[in-house]
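*Asks:* Once you've looked at the hints, dock chain B against the given chain A.
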Amino acid sequence: MPIVLTSDMVAGALKTGHSTRVDVAIEPRFKVGQRVRAKNLQPLGHTRLVRYVRGRVGIVETDYGVFTLPDTMAHGNIPTPQHGYRVSFTSHELWGPAADPKNSYRVGLWEDYLDPASDMAP
Amino acid sequence: MNGIHDLGGMHGLGKILHTPDEPVFRSEWEGRVFAMLLSVNGVGHVNTDEFRHSMERMEPAQYLSVSYYEHWLHGLETLLYEKGIIAVADLDAKLAQIKGNDACQ
Chain A
1 MPIVLTSDMV AGALKTGHST RVDVAIEPRF KVGQRVRAKN LQPLGHTRLV RYVRGRVGIV
61 ETDYGVFTLP DTMAHGNIPT PQHGYRVSFT SHELWGPAAD PKNSYRVGLW EDYLDPASDM
121 AP
Chain B
1 MNGIHDLGGM HGLGKILHTP DEPVFRSEWE GRVFAMLLSV NGVGHVNTDE FRHSMERMEP
61 AQYLSVSYYE HWLHGLETLL YEKGIIAVAD LDAKLAQIKG NDACQ
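Protein sequences appear in the order of chains A and B. Using my numbering, you'd call the opening residue of the first sequence number 1 and step up by one each time. Using my numbering, you'd call the opening residue of the second sequence number 1 and step up by one each time.
None of these hints come from the bench; they were simulated from the model. Worth double-checking, as some hints may not be accurate.
Claimed, not checked - Examples of chain B residues toward chain A, derived with CB under 10 Å:
#1 1
#2 8
#3 35
#4 38
#5 39
#6 40
#7 41
#8 43
#9 45
#10 48
#11 49
#12 50
#13 51
#14 52
#15 54
In this text the structure is predicted, and so the values were computed from the model without any measurement. For every residue, glycine included, the Cβ atom is placed at its ideal position computed from N, Cα and C.
So that you can see chain A by itself, here it is in the shape it has in the complex (with noise of 0.2 Å):
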């Protein structure tokens, strides 16, 4: 690994900035499609996990690969690949009842943030 940064190599890495994707064969363990509910973890060091979605329940929209978990690798670079998920959540899920229906929410989950939820609406 180089220690330094050279002058030839900025422009490559400006150009393909830093993906977090891994290139492992991992078996996913949800389904575009599946009802989920984040987990309540309140973790003191650093998640994506964000509050608002703790504990509410959300459908598969997406399988977008598998990455690094932020949580390790933040905490002495330990990759934990695993598959990340765009999960949609409704207004009324993550607001109440008063939230404009209209309005939906995507996030991105890490699969160490989900449980599978029942059929049975939230």
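*Replies:* Below, chain B without anything else, positioned relative to chain A:
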């Protein structure tokens, strides 16, 4: 962490300000901070998740009151210190030197 960065759903913060013709960098120092991050993130000293977490750990009132690239600078200094790449004394000495130079001009 349940930090000040996770603002989704909070009330009372006012309208979202949007500047349609916002420049990439509002002043030269912002470009320098961008380059400083690339010089450590681009070669594996720091990963993006560590960097995000370094900004989340800012003192909450300060977090809300400083600009975008000041968050970056704070995070960079925190990580470079925590990884033993810079010492607080070195940073303080350099800042004092720069302030001294400015005072002479």
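*Asks:* Next, verify each hint and record whether it holds.
*Replies:* So, going through the hints one by one against the coordinates:
At a threshold of 10 Å, the smallest CB-CB gap from residue 1/B to chain A is about 6 Å, leaving the interface hint in force. Interface hint at residue 8/B: satisfied, since its Cβ lies 5 Å from the closest Cβ of chain A, which is below the 10 Å cut-off. The beta carbon of residue 35/B comes within 8 Å of a beta carbon in chain A, closer than 10 Å, and the hint placing it at the interface holds. About 6 Å separates the beta-carbon of residue 38/B from the nearest beta-carbon of chain A, less than 10 Å, and the hint is met.
For residue 39/B, the interface hint holds, the least distance from its beta-carbon to any beta-carbon of chain A being 4 Å, beneath 10 Å. With a cut of 10 Å, the hint placing residue 40/B at the interface with chain A holds, because the nearest CB-to-CB distance is about 8 Å. Among the interface hints, the one on residue 41/B holds; its C-beta lies about 7 Å from the nearest C-beta in chain A, closer than the 10 Å criterion. Interface restraint check: residue 43/B against chain A, minimum CB-CB distance 5 Å, threshold 10 Å, status holds.
Taking 10 Å as the C-beta contact cut-off toward chain A, the hint placing residue 45/B at the interface holds, the least distance being around 8 Å. Contact between residue 48/B and chain A, as hinted, is supported at the beta carbon level, the nearest pair being about 5 Å apart and thus within 10 Å. Because the closest C-beta pair between residue 49/B and chain A is about 4 Å apart, less than 10 Å, the hint holds. Interface hint status for residue 50/B: upheld, as the beta-carbon distance to the closest one in chain A is roughly 5 Å, under 10 Å.
Evaluation of the residue 51/B hint against chain A yields a held restraint, the C-beta minimum of about 9 Å falling below 10 Å. Because the beta carbon of residue 52/B sits about 7 Å from the nearest beta carbon in chain A, less than 10 Å, this interface hint is met. At a threshold of 10 Å, the smallest CB-CB gap from residue 54/B to chain A is about 9 Å, leaving the interface hint in force.
Figure legend: structure checked against the earlier numbered hints; every hint is met.
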